[in-house]
Structures are given as C-alpha cells and as structure tokens.
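Use these hints to put chain B onto chain A, whose structure you have.
Top to bottom, those sequences are chains A and B. 1 is the number of the first residue of the first sequence in my numbering; add one for each residue after it. 1001 is the number of the first residue of the second sequence in my numbering; add one for each residue after it.
It is worth saying that the hints were derived from the structure and are not from the lab. Given the structure is predicted, the values throughout are model-derived calculations rather than measurements. Wrong hints could be hidden among the right ones.
Unchecked claim - The calculated lysine to aspartate or glutamate pairs, modelled on EDC-like cross-linking and capped at a C-alpha distance of 20 Å, are: (1) K1059/B <-> E111/A; (2) K1061/B <-> D165/A; (3) K1059/B <-> D194/A; (4) K1061/B <-> D194/A; (5) K1131/B <-> D202/A; (6) K1061/B <-> D206/A; (7) K1061/B <-> E236/A; (8) K1059/B <-> D232/A; (9) K1131/B <-> E191/A; (10) K201/A <-> D1072/B; (11) K201/A <-> E1242/B; (12) K1246/B <-> D202/A.
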Amino acid sequence: MILDTVIYQHITLWNLLAVIIILAITALIIKIITLNLKRTLSDKLRKSEIEILLRVVKYIITVFAIIAVLPFLSIDLSGILLAGGFAGLVIGFASQSVVSNLVSGIFLIIERPIKIGDEINIENTEGFVEDIRFLSTIVRTYDGVYVRLPNEKVFTSTITNYVADIARRFELKVGIGYKDDAERAIAIINETIDSHPFALKDPFPDVFVNELGESGINIIIRAWAPTSEWSDVKKELLWKVKVALERGGIELPYPHRVIWLEKK
Amino acid sequence: MYGTYDYGLTLEKETIKLNVEKRGDLFIYRREAQSGISEKILGPNKNRIMIHPIEPLTKPKQVTRFLEFAIDPIFLDPESKKSIFLKFPIEIGVFVVSEMTTEVLDTFSLNTAKYSLYGTPRSGVITRWSKSKIFSGIPEMNPLREGVVYLTIHNSTREFVEVSKIVLDGSKMILYFGDFVGTKVKMNIISLQVAETSCIDEPLEKGMIKALDLFKAKGLPVIGKYEIKGIGDVELRVFLMEWGLK
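Only chain A is shown next, with the shape it has when bound in the complex:
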C-alpha cells in the first residue's frame, strides 16, 4: 500500500501523514482555545495578562503535540534525554546569554515591574511597552521607533515606570514682576488649579514663592493629577495660569536688566 512506503529510514508515508495531521489538529486546538480564552477573559483580565496566559497555553499544547509526534518519527525519548544531557551541556555553554535572558524574562513576568502598555524609561529608552517576550522586551519610543531590549538588561537596569501609580505630581514655574503682589498671584493660581477637574483636591496643591530671580519673583506650583491625565493637566494648567494671572493684572516679566548711566 502506498502509505507503507518508507520515505526515510523507518519513517513511512503514513507516519509523515500522521505527524502532519497531529500538528494541524494542534494548531486548530490552539486557535480554538486562544480565541475562546480571549473572548471569555477580555472583560475580566488586562490585555497584557491575557497575552501571557495565551502564550503559556500555546507553549504547553505545543510541547504535548511534539511529544505525541515523536514516536511517529521513530525518535526514542530516552535516547533524546541521553543525547540531550551532552547536547545540553554544549548548548548551555554556547547559549548562556539566551538562558539568562529567558530566566530574566520569567522573573519579569512574575515580578511585573512593567506591563504591556506602560509608559517607561529603561536605560534612557523611553516609550511604551509593546510586548514582554520570554527573551526580550519590546518598547515603542515616543517617536514611534521599535526598540528591542534583552530581558537580562531590563531586569538588571533601573526601571522607571511612569504609570505604575494612579496619581502623579507635576511642577510648574511661573514668574511675576517685582511690583506685583505675590500673595494675590498665589490666590489666583490656587483658584485656577481648583477649577481644573483633574488637578486633584487631595493631595492638596502647593503654591509658593521659590526664588527672587533676576527678572522677577519665581512661583512654584506643585499639584497632583491622575496618571492617565497627568500630561494633559500639566499642559492645560500652565496656559490657564498664564491667562488667569494676566487677567488679574499680574505682570509676567520678560528677562530684563536695569542699566544706570552715570552723567559726567
């Protein structure tokens, strides 16, 4: 029969067909399970958590499929383990950094200092985490550039996660003229902050005279905003404070210098 035709050593055409069928069924099972998991869990888990779960499920099913396929290819598992011991030693030496990245990747997934979508800074690479893989972490920088960071580097570096907490403080610096009333300026600034919905009521904003500068009095504004709104609130408030101060008759000084000319 044609299926009994030997194509390589002990492997028949039937064996090859069985392998293809098993792998195809595995791919189908993976597709069905991942699709259903996505559908079921999309409301309940974060996207990053679903991605990790799907990947683990995918790897487990694939390992089972490979084990199921091996007898059809006349590959003895005990032989593989024996050969694997020696090969493992050789590969181990050759792939130290791969293993190190893999282990770091596992620890990153367990410790979770960053999640997919987080805004981070790792070793001067700033942007959004696009993916956390077993060997590397993918960051999309603010200008849209793809950066692949080996997990070992991520794990051993200082990670700044800008969105790990729910609220974040921002600081603005505003200058007023020497002839202006700083207390009145502070009152106007406080009113402006209070009128912004996302400048948080608590922790209470801090507005104070910080410095008697060369061109004017420098006032520092420190306020908190929900992390998701931080950037918008900071930008909006700076302009609103400027407009409110000008409307209140407070001068925003340009750098200037008073020069005395001596008459001889």
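Just chain B now, kept in the frame of chain A:
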C-alpha cells in the same frame, strides 16, 4: 425631564436643548448643554429614548468609579447609629432602548467636576470629589444637578469616631428618581481608621423609579461578584475605606 420618550422628542430645560429628529431615512440625536454639543446618527428603526439620572462618573472623562463626599466633621458616639442626608452631584444619561438591549447614547452634566485621591498613589483610588452640607431631612435641590444620599452610619467601635469623608464604589450605586433623585448608602465603622460603605437598592420614597444602571448599559464588567451556594451570583457592593475617615 427624566422619563421615556419616542423618537421625535424635543426637550428644553435650563441650558439643555435635546431632540431626536428625522432626517431622510435616519434619525439624528442632538443635545446642547453648557458642557458642549453632542450629535449622533441613529438607525432607521424607531426605538425609544430614556433619560435618567446617572452616577457623576463620566465627565469630563471617566477616570474612576469611586465617589467621595466631603462633609463637615461629625462625631459619633461609641456603638451608635446615625442617619443623615447629603447632596451629591449627578449627571444625566441618555439611553436608546430597543426590545433586545439598552445602550448609552450620551451623558452630560450641568456641574463642574473635581477629582481627588483617597489613599496613597500606590494603592489608593482616584475619587470624584464633592462637598456637601449635612441635612436632617430631604433638602431642596435641582434634580437635573443634584441628588440626595440617605446615609446611615453605624459606629461599631467602642470609641468616639470622627467622620469627614465617605468613599464608595459609585458603579454599585442605585439611583431612584421622582420629584428628586435619591439613593441609600450604609457606612459601617469597623475601627477608628476603617469603615465599610455599601450601596442599598431601595428607594427613599414610595413610587420612585429605579434609574438605569450606566455600568450595565455600557457593558462594563461587574467587579467584585462572588457566588453564594444556593443563591447564585451576588454582586458585592461593599467598599473598604482603609485610608481613614477624615
């Protein structure tokens, strides 16, 4: 203004102008209020429009599901119970209702919002903040802007406790409306710094209508659902105030 309407409605109240008019084969929803203009195209099927009060959690943008009421400090005797009324801001929800489903069409507010942080940036929650006086009865209010919370505080401790803030999960709040908008909330003080707040599904007066649940209509997941054997799924409406009561 609250109620159920057919397409073709035209409503004008305070600064709100709202209508659904036919344009060709389609219907156009248009709403004007101080917060801006919203215009949406509706399908040709004649569904119904429901306008209900909703929790003040969507404007200017939904960033939280927690509400915080700041009140003048109130001292509670050991192992005592006290009931008070508080005002709180509300938003207005416009829903489109078919025989099959309910969908949020628009939300708007006549109030200006303010947000705050309860707890620490690490593990606290962002809250929609509002300040209220304490009332001993149902106060006068504008149902398009404000609602009333009937708050029962139970001090379970053997100490005097001072309370000046109440934080609760607004997504679990159940609003009722009639001549006014109201809801019931319970606060159980466990220690000097910790209390549990929960929303109660009961009208303040007979004949009040239960408002549509914004979070259910939006299809948002109900967080904190647990199962009791023999009863089935029960929604957990309790929020633990673990970051202090003042």
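Okay, the hints, checked on the actual structure:
Between K1059/B and E111/A the alpha-carbon distance is near 35 Å, which puts this suggested pair outside the 20 Å criterion. At roughly 19 Å between alpha-carbon atoms, K1061/B and D165/A fall within 20 Å of each other, so this suggested pair holds. This hinted pair checks out: K1059/B and D194/A have alpha carbons roughly 16 Å apart, not beyond 20 Å. For the proposed pair K1061/B and D194/A, the alpha carbon gap of about 17 Å is at most 20 Å, so the pair holds.
With a C-alpha separation of about 13 Å, the suggested pairing of K1131/B with D202/A holds against the 20 Å cut-off. Proposed proximity of K1061/B and D206/A is contradicted: the alpha carbons are some 25 Å apart, above 20 Å. A hinted pair counts as satisfied when its Cα atoms are at most 20 Å apart, and K1061/B with E236/A qualifies at roughly 15 Å. Proximity of K1059/B to D232/A is assessed by CA-CA distance (about 15 Å); at most 20 Å being required, the pair is judged to hold.
Proximity of K1131/B to E191/A is assessed by CA-CA distance (about 16 Å); at most 20 Å being required, the pair is judged to hold. A threshold of 20 Å between alpha carbons decides the hint, and for K201/A with D1072/B the separation of about 16 Å falls inside it, so the pair holds. For the suggested pair K201/A and E1242/B, the alpha carbons sit about 19 Å apart, so the restraint of at most 20 Å is met. Restraint check: the Cα-Cα separation between K1246/B and D202/A comes to about 12 Å, which is no more than 20 Å; the hinted pair holds.
Checked against the numbered hints above, the structure violates hints 1, 6; every other hint is satisfied.
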